[in-house]
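Undergrad: Residue numbers (the numbering used here), protein chains in the order written: chain A, 1 to 231; chain B, 1 to 51; chain C, 1 to 162.
Some hints could be false.
[Said to hold, decoys possible] Calculated lysine to aspartate or glutamate pairs in the EDC-like style (CA-CA distance at most 20 Å, straight line):
#1 A:Lys214 <-> B:Glu45
#2 C:Lys102 <-> C:Glu114
#3 B:Lys40 <-> A:Glu221
#4 B:Lys40 <-> A:Glu216
#5 B:Lys40 <-> A:Glu227
#6 B:Lys40 <-> A:Glu220
[What the hints assert, rightly or not] For each label pair, taking beta carbons as the anchor points, the in silico distance ranges come out as:
#7 B:Ile16 <-> C:Ile31: 30 to 38 Å
#8 B:Thr38 <-> A:Leu10: 23 to 31 Å
#9 C:Ala56 <-> B:Leu23: 52 to 60 Å
#10 B:Glu37 <-> C:Ile31: 42 to 50 Å
#11 C:Tyr62 <-> B:Leu23: 32 to 40 Å
#12 C:Ser123 <-> A:Ala21: 17 to 25 Å
#13 C:Thr130 <-> A:Ile65: 44 to 52 Å
#14 A:Pro31 <-> B:Tyr36: 46 to 54 Å
#15 A:Gly13 <-> B:Ile8: 21 to 29 Å
#16 C:Leu84 <-> B:Gly19: 34 to 42 Å
#17 C:Arg57 <-> B:Leu23: 54 to 62 Å
#18 A:Leu224 <-> B:Ile8: 50 to 58 Å
#19 A:Ala21 <-> C:Glu139: 22 to 30 Å
#20 A:Asp136 <-> C:Arg57: 53 to 61 Å
It is worth saying that the hints were derived from the structure and are not from the lab. We put the CB at the ideal spot given by N, CA and C, even for glycine.
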Amino acid sequence: MTPSNDAGRLAGGVVVALFVAAQLFGVATSPAEAGMGHLQKIMYVHVPAAWAAFLAFGIVFIMSILYLVRRRESHDLLAASAAQVGVVLTGLTLALGSIWGRPTWGVWWTWDPRLTSTAVLFVIFVGYLALRSFVDEPQQRARWSAAVGILGFLNVPIVYMSVRWWRTLHQPSSSPATVDDPYVWGLRINAVVFIIVMAYLIRRLYQASILQRKVEALEEERALATEGSHV
Amino acid sequence: MSDWPWVIASYALTWIVLGVYALQIHRRLARARAEYETEKNRSTESLEVEA
Amino acid sequence: MSNEPQEPENGGEKRTRRRGLTFLGVGAVLIGFGYLLLGGIGDNLVYYLTPSELEARGDAAYETSVRLGGVVIPESVQWDADALDLRFKVGDGTTEMEVHSKGAPPQMFRDGIEVLVEGRLASSGVFQSTNLMVKHSNEYRAPEEGQRPQDLYQDLLNTEGE
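Generate the whole structure from the sequences, applying the supplied hints.
TA: Now the structure itself:
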């Protein structure tokens with residue numbers, strides 16, 4: 001067992017422990033809300049998933065710009081890892097919102113601007129991942145991905161502001177002024193832990209893709225060496 | 001009490017989605033590490049043969 | 001990362017072959033993006049009308065599918081539990097409109113809450129709703145002592161149904 005493997009295992013254990021603790025804290029400290037009762041507790045997974053997804057796409061945005069400026073493959077691979085985690089978190093946000101919407105709004109889904117723009121965000125980054133899978137040449141893949149990653153991120157502020165700019169079924173953003181104390185800390189703690197989970201997943205995925213690239217490089221090197229020895 | 005099934009479904013979905021995804025990443029990383037070790041050893045071998 | 005692979009200057013022959021395919025891929029993504037953004041959201045920019053806006057349409061207001069949004073006028077709710085028949089008024093401060101809906105409303109439905117109804121305004125002047133949605137505000141309040149959240153809903157539907 002290599003030391004990095006042990007460290008990874010420890011980090012994974014800590015992340016899981018934090019995740020469990022944050023959710024227990026949230027559920028245990030929240031009384032049934034005046035209007036929606038215990039359904040309020042869905043807030044502690046839906047909202048953090050959305051915030052973490054926004055941040056992940058923020059990483060894609062920054063790394064895509066850095067790639068176009070510096071042309072370092074590591075930036076491209078980090079952007080790709082963040083995009084994949086962002087897609088999973090956005091999908092989770094949509095599914096959790098749907099589960100929350102059915103008992104509170106009365107519908108699983110409606111095409112209001114918040115929901116529609118979030119669905120668009122999801123589709124764009126699924127497209128980003130699809131694009132990567134069908135372009136083999138690494139430089140070209142990185143350039144095109146960076147372009148889509150930057151354009152795709154522009155949708156994040158649109159999603160965020162949609163509840164202010166347009167009429168929606170989705171409520172506007174809450175703030176500590178609109179949320180009573182018992183719920184504020186549950187949300188904050190779960191948000192922080194979700195962001196830690198996001199960072200952890202991106203890091204692991206990034207490590208894996210760096211290693212895969214190194215393997216590819218070594219294979220090429222070896223192929224060249226064997227070819228050379230035959231001539 | 002009809003609230004709880006929805007709450008439980010939400011938390012369960014969160015765990016299933018993130019758990020399955022984390023395991024998938026874990027396996028991918030483990031495979032990448034193993035491949036890298038093999039490839040590194042092979043490269044040194046082939047260099048030794050050449051020398 | 002000190003030993004990360006740096007890009008070679010030449011992308012190789014694959015590059016030309018792949019260019020067409022890549023172009024298609026990126027083009028599809030961008031067109032999809034543009035279409036959804038301008039078309040999809042564009043249609044939904046005015047997600048619902050207020051009673052005043054619907055009324056202002058005059059004759060055009062009747063018998064077309066629209067979403068109507070407003071506040072449930074207090075004490076306007078009539079619920080027939082046997083027939084699952086719900087009648088209430090929605091208002092926006094200036095105009096009130098009668099709404100008729102089938103089936104039990106979502107549990108947060110109560111006097112004074114914002115709702116959206118999908119359906120059409122009948123010539124009788126009653127909005128026939130096929131889908132009732134309750135709009136939640138961004139407020140989350142701990143219940144007062146002794147108050148149970150579902151009570152409001154139960155009281156409303158039970159007393160109004162008798």
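Undergrad: Against each hint, give a clear statement of whether it holds in the structure.
TA: Outcome of the hint check:
1. A:Lys214 <-> B:Glu45: holds (17 Å)
2. C:Lys102 <-> C:Glu114: holds (18 Å)
3. B:Lys40 <-> A:Glu221: holds (11 Å)
4. B:Lys40 <-> A:Glu216: At roughly 11 Å apart (the allowed maximum being 20 Å), A:Glu216 and B:Lys40 satisfy the hint.
5. B:Lys40 <-> A:Glu227: Holds, at roughly 18 Å.
6. B:Lys40 <-> A:Glu220: At roughly 12 Å apart (the allowed maximum being 20 Å), A:Glu220 and B:Lys40 satisfy the hint.
7. B:Ile16 <-> C:Ile31: 30 to 38 Å: For C:Ile31 against B:Ile16, whose Cβ atoms are near 34 Å apart, the range 30 to 38 Å holds.
8. B:Thr38 <-> A:Leu10: 23 to 31 Å: holds (26 Å)
9. C:Ala56 <-> B:Leu23: 52 to 60 Å: holds (57 Å)
10. B:Glu37 <-> C:Ile31: 42 to 50 Å: holds (45 Å)
11. C:Tyr62 <-> B:Leu23: 32 to 40 Å: For B:Leu23 against C:Tyr62, whose Cβ atoms are near 57 Å apart, the range 32 to 40 Å is violated.
12. C:Ser123 <-> A:Ala21: 17 to 25 Å: violated (60 Å)
13. C:Thr130 <-> A:Ile65: 44 to 52 Å: With a Cβ separation near 47 Å, C:Thr130 and A:Ile65 satisfy 44 to 52 Å, so the hint holds.
14. A:Pro31 <-> B:Tyr36: 46 to 54 Å: holds (52 Å)
15. A:Gly13 <-> B:Ile8: 21 to 29 Å: holds (25 Å)
16. C:Leu84 <-> B:Gly19: 34 to 42 Å: holds (41 Å)
17. C:Arg57 <-> B:Leu23: 54 to 62 Å: holds (55 Å)
18. A:Leu224 <-> B:Ile8: 50 to 58 Å: At roughly 57 Å between Cβ atoms, B:Ile8 and A:Leu224 fall inside 50 to 58 Å, so the hint holds.
19. A:Ala21 <-> C:Glu139: 22 to 30 Å: holds (27 Å)
20. A:Asp136 <-> C:Arg57: 53 to 61 Å: holds (56 Å)
When each numbered hint is compared with the structure, violations occur for hints 11, 12.
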